[in-house]
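> Residue numbers (the numbering used here), protein chains in the order written: chain P, 52 to 437; chain Z, 51 to 504.
Hints should not be assumed to be uniformly reliable.
[Said to hold, decoys possible] SDA-like, lysine to any residue: derived pairs with alpha carbons at most 20 Å apart:
| # | chain 1 | residue 1 | chain 2 | residue 2 |
| --- | --- | --- | --- | --- |
| 1 | Z | 474 | Z | 435 |
| 2 | Z | 320 | Z | 349 |
| 3 | Z | 182 | P | 376 |
| 4 | Z | 320 | Z | 288 |
| 5 | P | 376 | P | 207 |
| 6 | Z | 182 | P | 130 |
| 7 | P | 190 | Z | 277 |
| 8 | Z | 182 | P | 163 |
| 9 | Z | 182 | P | 127 |
| 10 | P | 190 | Z | 414 |
No lab work stands behind these hints: they were computed from the structure.
Computed from a predicted structure; not experimentally measured.
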Amino acid sequence: MAEAWDLLVRGGTLVDPARSIAAKRDVAFSGGAVAAVAETLTGEAIETIDATGGLVTPGLIDIHTHVYRALSTGRHADQTSLANGVTTVVDAGSAGWMTLPGLRDYVVPAYRTRVYVFVHISATGLTINRIMPELAEIKFAQVEEAARAVVENPALVLGIKVRIAHGGTGHGDQANAREALRRARQAADLARVPLMVHVSNTPIPLPEILDALRAGDIATQILNGNAENVFGPDGRVRREVRAARERGVVLDVGHASIHCDVNVARRAIAEGLVPTTLSTDLHTPPPGRLVYNLRGVMSQFLALGMSLDDVVASVTSRAAAAIGKSAELGSLAPGMAGDAVVLDLEDGQFTYVDGAGNEVKAGRRFRTRHVIREGRRLPAAHADHL
Amino acid sequence: MLPRMGQTKTLARHRARRADPAPKPAPRFDLVLRGGRVIDPAQNLDRPLDVGIRNGKIAALLPTIDRARARQSIDVRGRLVVPGMIDTHAHVFQHVTGAFGMNPDLVGIRSGVTTVVDQGGAAPLTIHGFRKFIVEPAITRVFTFVSNYLVGGLVGHRYTQLYGPHGVNVRETVAAIEQNRDIVKGIKAHAEVGGYSRWGIETLKLAKDASRQARVPVYVHLGRLWAEADGARIDPDVLVPEMVPLLDAGDVIAHPFTKNAGAFVSREGKVHPLIFEAVRAGARIDVGRGGHMSFAAARTVLDAGIVPFTVGADVHGYTINRPGDGAWDEGYFDERVARRRARARPVGGAAVFSLVQVMNELLALELEVPDVIRMVTANAAIMLGLEGQIGTLAPGAVADVSVLSHDVGRWTLQDSLGVQLTAKERLRPEFALKAGKRHAADSPLLFESTKGAV
Numbered sequence: 052m053a054e055a056w057d058l059l060v061r062g063g064t065l066v067d068p069a070r071s072i073a074a075k076r077d078v079a080f081s082g083g084a085v086a087a088v089a090e091t092l093t094g095e096a097i098e099t100i101d102a103t104g105g106l107v108t109p110g111l112i113d114i115h116t117h118v119y120r121a122l123s124t125g126r127h128a129d130q131t132s133l134a135n136g137v138t139t140v141v142d143a144g145s146a147g148w149m150t151l152p153g154l155r156d157y158v159v160p161a162y163r164t165r166v167y168v169f170v171h172i173s174a175t176g177l178t179i180n181r182i183m184p185e186l187a188e189i190k191f192a193q194v195e196e197a198a199r200a201v202v203e204n205p206a207l208v209l210g211i212k213v214r215i216a217h218g219g220t221g222h223g224d225q226a227n228a229r230e231a232l233r234r235a236r237q238a239a240d241l242a243r244v245p246l247m248v249h250v251s252n253t254p255i256p257l258p259e260i261l262d263a264l265r266a267g268d269i270a271t272q273i274l275n276g277n278a279e280n281v282f283g284p285d286g287r288v289r290r291e292v293r294a295a296r297e298r299g300v301v302l303d304v305g306h307a308s309i310h311c312d313v314n315v316a317r318r319a320i321a322e323g324l325v326p327t328t329l330s331t332d333l334h335t336p337p338p339g340r341l342v343y344n345l346r347g348v349m350s351q352f353l354a355l356g357m358s359l360d361d362v363v364a365s366v367t368s369r370a371a372a373a374i375g376k377s378a379e380l381g382s383l384a385p386g387m388a389g390d391a392v393v394l395d396l397e398d399g400q401f402t403y404v405d406g407a408g409n410e411v412k413a414g415r416r417f418r419t420r421h422v423i424r425e426g427r428r429l430p431a432a433h434a435d436h437l
Numbered sequence: 051m052l053p054r055m056g057q058t059k060t061l062a063r064h065r066a067r068r069a070d071p072a073p074k075p076a077p078r079f080d081l082v083l084r085g086g087r088v089i090d091p092a093q094n095l096d097r098p099l100d101v102g103i104r105n106g107k108i109a110a111l112l113p114t115i116d117r118a119r120a121r122q123s124i125d126v127r128g129r130l131v132v133p134g135m136i137d138t139h140a141h142v143f144q145h146v147t148g149a150f151g152m153n154p155d156l157v158g159i160r161s162g163v164t165t166v167v168d169q170g171g172a173a174p175l176t177i178h179g180f181r182k183f184i185v186e187p188a189i190t191r192v193f194t195f196v197s198n199y200l201v202g203g204l205v206g207h208r209y210t211q212l213y214g215p216h217g218v219n220v221r222e223t224v225a226a227i228e229q230n231r232d233i234v235k236g237i238k239a240h241a242e243v244g245g246y247s248r249w250g251i252e253t254l255k256l257a258k259d260a261s262r263q264a265r266v267p268v269y270v271h272l273g274r275l276w277a278e279a280d281g282a283r284i285d286p287d288v289l290v291p292e293m294v295p296l297l298d299a300g301d302v303i304a305h306p307f308t309k310n311a312g313a314f315v316s317r318e319g320k321v322h323p324l325i326f327e328a329v330r331a332g333a334r335i336d337v338g339r340g341g342h343m344s345f346a347a348a349r350t351v352l353d354a355g356i357v358p359f360t361v362g363a364d365v366h367g368y369t370i371n372r373p374g375d376g377a378w379d380e381g382y383f384d385e386r387v388a389r390r391r392a393r394a395r396p397v398g399g400a401a402v403f404s405l406v407q408v409m410n411e412l413l414a415l416e417l418e419v420p421d422v423i424r425m426v427t428a429n430a431a432i433m434l435g436l437e438g439q440i441g442t443l444a445p446g447a448v449a450d451v452s453v454l455s456h457d458v459g460r461w462t463l464q465d466s467l468g469v470q471l472t473a474k475e476r477l478r479p480e481f482a483l484k485a486g487k488r489h490a491a492d493s494p495l496l497f498e499s500t501k502g503a504v
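Let's have the full structure, built from the sequences with the hints guiding it.
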């Protein structure tokens, strides 16, 4: 008799786009990793989960969140993300190169969620954002210091973040925005990591930002409805956006309600521009504004016309590729990290609202049944239900 | 904040009653410090005494405590035994304020200091993190004067634009204080030339608004910190008359001995007359040493009869090793710059490493040992509103104790301008007790201070 598995997930529909699987499969976990996948697994397991009627997917990956609680901006990763099946999050620029040690030493060790970081080119990250744009003074952006923060923390920091936005580089200040972008580009090149650029509400033309991005870089909030968005003057998706996509720039949603316009998303998808990755930009919003968690964003894009397989790919295989972790995360092939989730697609009438008040009506939404992290089922925890 | 010891007395008696049949008197003290010169200005004490400690509290001060009554004794003959010293101006928001923020225990307990007061590192936006990541893990007791500015002392306040009225929110400051009264004891604010050239005295007015609402003092950095706004020309001596009318009794004015303009000593080389008025009205003065020591200014201020109430070492990353202002624009990956960085020098010339080093400067300026001890114990406790709880060795108080050696000889001290002064006596911390538990004064900062400056 074979050795017992730690966990056996039985009877669910495995959706693993990395391996083009969307079919009934049993999945077994041992030693923190995926141990076996087959139509039927009959071995012994310490714990067995009945996933009948549910979807089994790799642990979800949210490449744009903020989790630097108490010192910068952010939500509790375990409550807001992990409890909802998001086993990996990227903190996108809450920490600057100067405040990174606080995130690394104080905050991340307290989470069970897998956390990676894109460090902000601004010294203070988003801590100062309520008072002034974090790059209103360009001396906050230090190429060498940001690159050093990356190379000295290779297990944690995966890239450089910059916000080319009125609220990030100074209202209407094009010269400052260009210099911020230039410095962020330099830092990413020096450290040889991807650059993530927030492009919503940019003071410079979107094509100019995209022109600075190469394969593997990330343009986040790509479906925003601000003046400079994916549509050109002719109302069609800009040539530069398509070109960026073709050369391998990651087009990320970074939802946050205010950074994803329902009409833009609908038209873009109708024109065949499907985002590479769905993500939330989870942060602590001012009173009265919603920020949806990843399940909510996935449900909306399912309603907007993305296929189930595409939605799951955008938060598993494609998200893992976007952060350079395809060898460990984003698939349930044997040997991969034992992060998984059992989801239900619930029928009903659901309404989602964007920052402009536009609505998405959905007939189905994702619910989280079980979360599996490093091969163990997490006890049902308090989850933020948005 | 302080340990509660209510039940332990009864427990101890209970244990004593059911002692072994072959009676050996149960020790009455966990620890006795024997034969030291006990200086406790809060009790007007200065004489050789044994200090008996039980259950983390001071249990007795007696001429002699029988050795049999002590579980453990430490011979401290020839040493000063003083209440656990309180550094009223520290920067210990480590990992969040860049090179500026020190480790709390390095400047605290491992430097012989049992309590530190962070000045303006934590802010309304970050106070919860400060509590969880700094106050709770530290061995040293940590309090804070919360920053007047929402973001606090990031990068040692080098980004002027964060520190205008637009960066202050009185309502949030008051809320931060009210929700954290156990650790927040006041508000850190500034009255200085660079901010004044941009916004007038407005930020201090906002600080006072919050301070009155929350009923805590402000601690005012006085003297130039930031450069003036482009093209602005400010007479630095307007700062004192702008500041003084705003203050209440109990507020603290810092950096009396600074070399920088716009502080106690006017451009005429005299103490500004309104400073006397402020002191008469109950304002308190904290040395706030940092890069702010001119022996000449100190002489002028002390000779005018103005004596600091508290010391405040103001040790921060830049008092030890400050990269030049241009360093950020050049290369970490560039070896030439890396070499230049290795030669970086502390702000204001001589390095400042510890509270005791600053106390030695005050002794060299001819203040008396008991007066200096009072500043870092009884007076500091008053500034924090904790008199009777810390800063004294009165029986019943928590057993925070600093033990210092006191040597006579000749040492050379150096101020922030490079001016030298000869010291004829020297204090050095040997160890400290925090709530009765012994911690060695083994901070590497102390070694540097004895080698380099004292």
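> Hints the structure violates: just list their numbers, smallest first.
1, 3, 10
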